[in-house]
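Participant: Going left to right, the sequence shown walks through residues 37 to 517 as this note's numbering numbers them.
A hint or two may mislead.
[Stated by the list, open to error] Each pair of labels, with its calculated beta carbon distance range:
#: 1; residue 1: F118; residue 2: M400; range: 44 to 52 angstroms
#: 2; residue 1: M400; residue 2: A495; range: 40 to 48 angstroms
#: 3; residue 1: N290; residue 2: L209; range: 15 to 23 angstroms
#: 4; residue 1: I514; residue 2: L398; range: 16 to 24 angstroms
#: 5; residue 1: F118; residue 2: W333; range: 45 to 53 angstroms
#: 6; residue 1: L209; residue 2: V446; range: 14 to 22 angstroms
#: 7; residue 1: F146; residue 2: P363; range: 21 to 29 angstroms
#: 8; residue 1: R445; residue 2: R293; range: 54 to 62 angstroms
No lab work stands behind these hints: they were computed from the structure. Keep in mind the model is a prediction, meaning the values are calculated, not measured. Each residue gets a CB set at the ideal place from its N, CA and C atoms; glycine is no exception.
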Amino acid sequence: MAHPSTGSPPTPPPVGSSTATALGAGRLPWERWPGFRPRPLLARITLSPAQTILVGFAGLILVGTVLLMLPAATEDGRPAPFLDALFTATSATCVTGLVIYDTADHWSTFGELVILGLIQLGGFGYMTSTILFALLLGRRIGLRERVLLQESVSYGQLGGVVRFTRTLILVTLAIEGAGALLLAARWIPTEGLGRGLYWGVFHAVSAFNNAGFDLLGGFRSLTPYVTDVPVNLTLAALIVLGGLGFGVLQDVTNRDRRLALHTRIVLATTAALLAAGTAGVLLFEFANPHTLGPLGWPGKVLAAFFQSVTPRTAGFNTVAIGQLYDPTLMLIIVLMFIGGSPGGTAGGIHTTTFVAPMAVILAMLRGHPDPVLFRRRLPPVIVYKAVTIALLSVAFVVSMSILLSLVQRVDFLPALFEVVSGFGTVGLSTGLTPQLTAAGKGIIILTVYTGRVGLLTLAFGLTRRQRRLPFRYPEEPIYVG
Numbered sequence: 037m038a039h040p041s042t043g044s045p046p047t048p049p050p051v052g053s054s055t056a057t058a059l060g061a062g063r064l065p066w067e068r069w070p071g072f073r074p075r076p077l078l079a080r081i082t083l084s085p086a087q088t089i090l091v092g093f094a095g096l097i098l099v100g101t102v103l104l105m106l107p108a109a110t111e112d113g114r115p116a117p118f119l120d121a122l123f124t125a126t127s128a129t130c131v132t133g134l135v136i137y138d139t140a141d142h143w144s145t146f147g148e149l150v151i152l153g154l155i156q157l158g159g160f161g162y163m164t165s166t167i168l169f170a171l172l173l174g175r176r177i178g179l180r181e182r183v184l185l186q187e188s189v190s191y192g193q194l195g196g197v198v199r200f201t202r203t204l205i206l207v208t209l210a211i212e213g214a215g216a217l218l219l220a221a222r223w224i225p226t227e228g229l230g231r232g233l234y235w236g237v238f239h240a241v242s243a244f245n246n247a248g249f250d251l252l253g254g255f256r257s258l259t260p261y262v263t264d265v266p267v268n269l270t271l272a273a274l275i276v277l278g279g280l281g282f283g284v285l286q287d288v289t290n291r292d293r294r295l296a297l298h299t300r301i302v303l304a305t306t307a308a309l310l311a312a313g314t315a316g317v318l319l320f321e322f323a324n325p326h327t328l329g330p331l332g333w334p335g336k337v338l339a340a341f342f343q344s345v346t347p348r349t350a351g352f353n354t355v356a357i358g359q360l361y362d363p364t365l366m367l368i369i370v371l372m373f374i375g376g377s378p379g380g381t382a383g384g385i386h387t388t389t390f391v392a393p394m395a396v397i398l399a400m401l402r403g404h405p406d407p408v409l410f411r412r413r414l415p416p417v418i419v420y421k422a423v424t425i426a427l428l429s430v431a432f433v434v435s436m437s438i439l440l441s442l443v444q445r446v447d448f449l450p451a452l453f454e455v456v457s458g459f460g461t462v463g464l465s466t467g468l469t470p471q472l473t474a475a476g477k478g479i480i481i482l483t484v485y486t487g488r489v490g491l492l493t494l495a496f497g498l499t500r501r502q503r504r505l506p507f508r509y510p511e512e513p514i515y516v517g
């Protein structure tokens with residue numbers, strides 16, 4: 037800001053003076069000038085919370101697209117086409133894992149690091165990443181950012197949300213670090229120190245954020261490690277922990293009070309889906325000569341378990357997905373559609389959204405007036421929201437699958453698998469993604485983006501602000517069934 041009389045900048049306080057010390061302590065250089073006032077990070081943005089999240093993710097994707105289009109991002113030094121870079125950036129930011137090019141074969145180390153950064157920021161979520169940079173820059177976190185952050189991390193109250201987010205970031209990095217060390221200990225003896233450490237970090241971050249990107253090359257994913265116990269169990273643990281949500285992890289480690297209803301539902305549903313998925317894959321693929329058939333009993337169980345973990349929603353695979361029988365593909369589609377849990381890095385409609393309508397069905401069959409889980413009634417507004425999300429998701433997935441089937445001229449099941457994989461931000465593929473046309477890539481990009489931000493967020497972001505009616509209409513029954 038120029039001086040009003042001379043046009044020259046104001047003279048800063050003398051170094052060593054008490055004024056300079058007061059102004060400079062713990063502040064950035066540009067914050068030391070007189071008249072500087074820290075503003076909340078989003079003070080001038082007038083978007084709604086839903087629109088802010090939509091624009092934030094889109095902005096991060098565009099930045100990633102530009103970086104991946106640089107010649108330095110590819111192995112051969114040729115810039116990636118815009119649509120392919122956009123597809124990869126969307127898949128990484130939305131922690132999905134669907135790829136047109138094999139990550140290790142096509143992208144350089146710089147490109148892989150860009151993808152890794154997008155995975156980490158996308159796994160945190162737009163608002164969490166924004167708050168992270170704000171804290172690093174010493175910016176003030178205003179009320180608006182706190183409200184957005186509360187919605188982003190699924191935190192129950194406004195007070196303490198920044199402290200919760202700071203802890204979330206630290207715990208995330210700690211878990212990823214522990215996973216990286218375990219994986220590096222397995223890979224260093226065979227791959228060398230540098231590659232072993234790099235692989236450990238990359239795959240730990242990819243697993244905890246449920247992204248599914250790998251560095252093994254040849255579109256193999258983790259098939260060379262189908263019977264490798266340390267790799268399978270370490271990655272499975274990272275995937276499950278990332279999919280549970282930090283709120284659940286915090287609740288489980290807090291011994292001062294009983295588990296919240298949300299935590300009990302998430303843990304019970306996760307355990308049930310893992311058990312059912314393992315049993316289903318083992319049953320359907322037991323004699324398949326291209327998947328579990330050649331393996332011994334321990335290998336069959338381990339492979340079946342990992343294939344039940346990864347659809348929720350990581351995208352790694354230790355058997356060839358394209359060789360699975362149709363019943364197994366349908367089972368995996370269901371698991372991908374359900375996904376992980378709110379507040380975590382996993383996608384899908386989420387476990388609680390799946391369970392709430394099931395509770396309504398059970399209540400109706402038992403003749404109970406209210407849906408009850410663990411001796412607690414579910415509020416009607418929660419049930420309405422869950423049913424809305426589930427029905428909208430089914431309609432969206434079916435519509436996109438029909439469209440992709442027509443555009444790519446493939447059968448409905450492969451198209452459905454690819455769309456659900458994108459919508460659930462999973463990343464598993466039967467082999468269709470590398471063959472996508474420009475129109476097919478556009479469909480998957482839209483599907484992945486919608487799955488990451490959420491259908492309700494997208495709907496609220498594209499419509500006018502919601503207004504509550506100041507009255508209620510009279511009630512009248514209708515005939516159903």
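Participant: Between N290 and L209, does the beta-carbon spacing fit 15 to 23 angstroms?
Facilitator: holds, 20 angstroms
Participant: Taking 40 to 48 angstroms as the hint, is the beta-carbon distance of M400 and A495 inside that range?
Facilitator: Given a distance of about 27 angstroms, which is not inside 40 to 48 angstroms, the answer is violated.
Participant: Please check whether F118 and M400 have a Cβ separation lying inside 44 to 52 angstroms.
Facilitator: holds, 51 angstroms
Participant: If I claimed the Cβ atoms of F146 and P363 lie 21 to 29 angstroms apart, would that claim hold in this structure?
Facilitator: violated, 43 angstroms
Participant: Honestly, do R445 and R293 meet the 54 to 62 angstroms range at C-beta?
Facilitator: holds, 56 angstroms
Participant: Between the beta carbons of L209 and V446, is the distance compatible with 14 to 22 angstroms?
Facilitator: Roughly 41 angstroms apart at Cβ, these two residues miss the hinted range, so it is violated.
Participant: Taking the beta carbons of F118 and W333, is their distance inside 45 to 53 angstroms?
Facilitator: Given about 49 angstroms between the Cβ atoms, the range holds.
Participant: Is it true that the C-beta distance of I514 to L398 lies inside 16 to 24 angstroms, as the hint says?
Facilitator: The hint (16 to 24 angstroms, Cβ to Cβ) holds, given that I514 and L398 are roughly 23 angstroms apart.
Checked against the numbered hints listed earlier, the structure breaks hints 2, 6 and 7; every other hint is satisfied.
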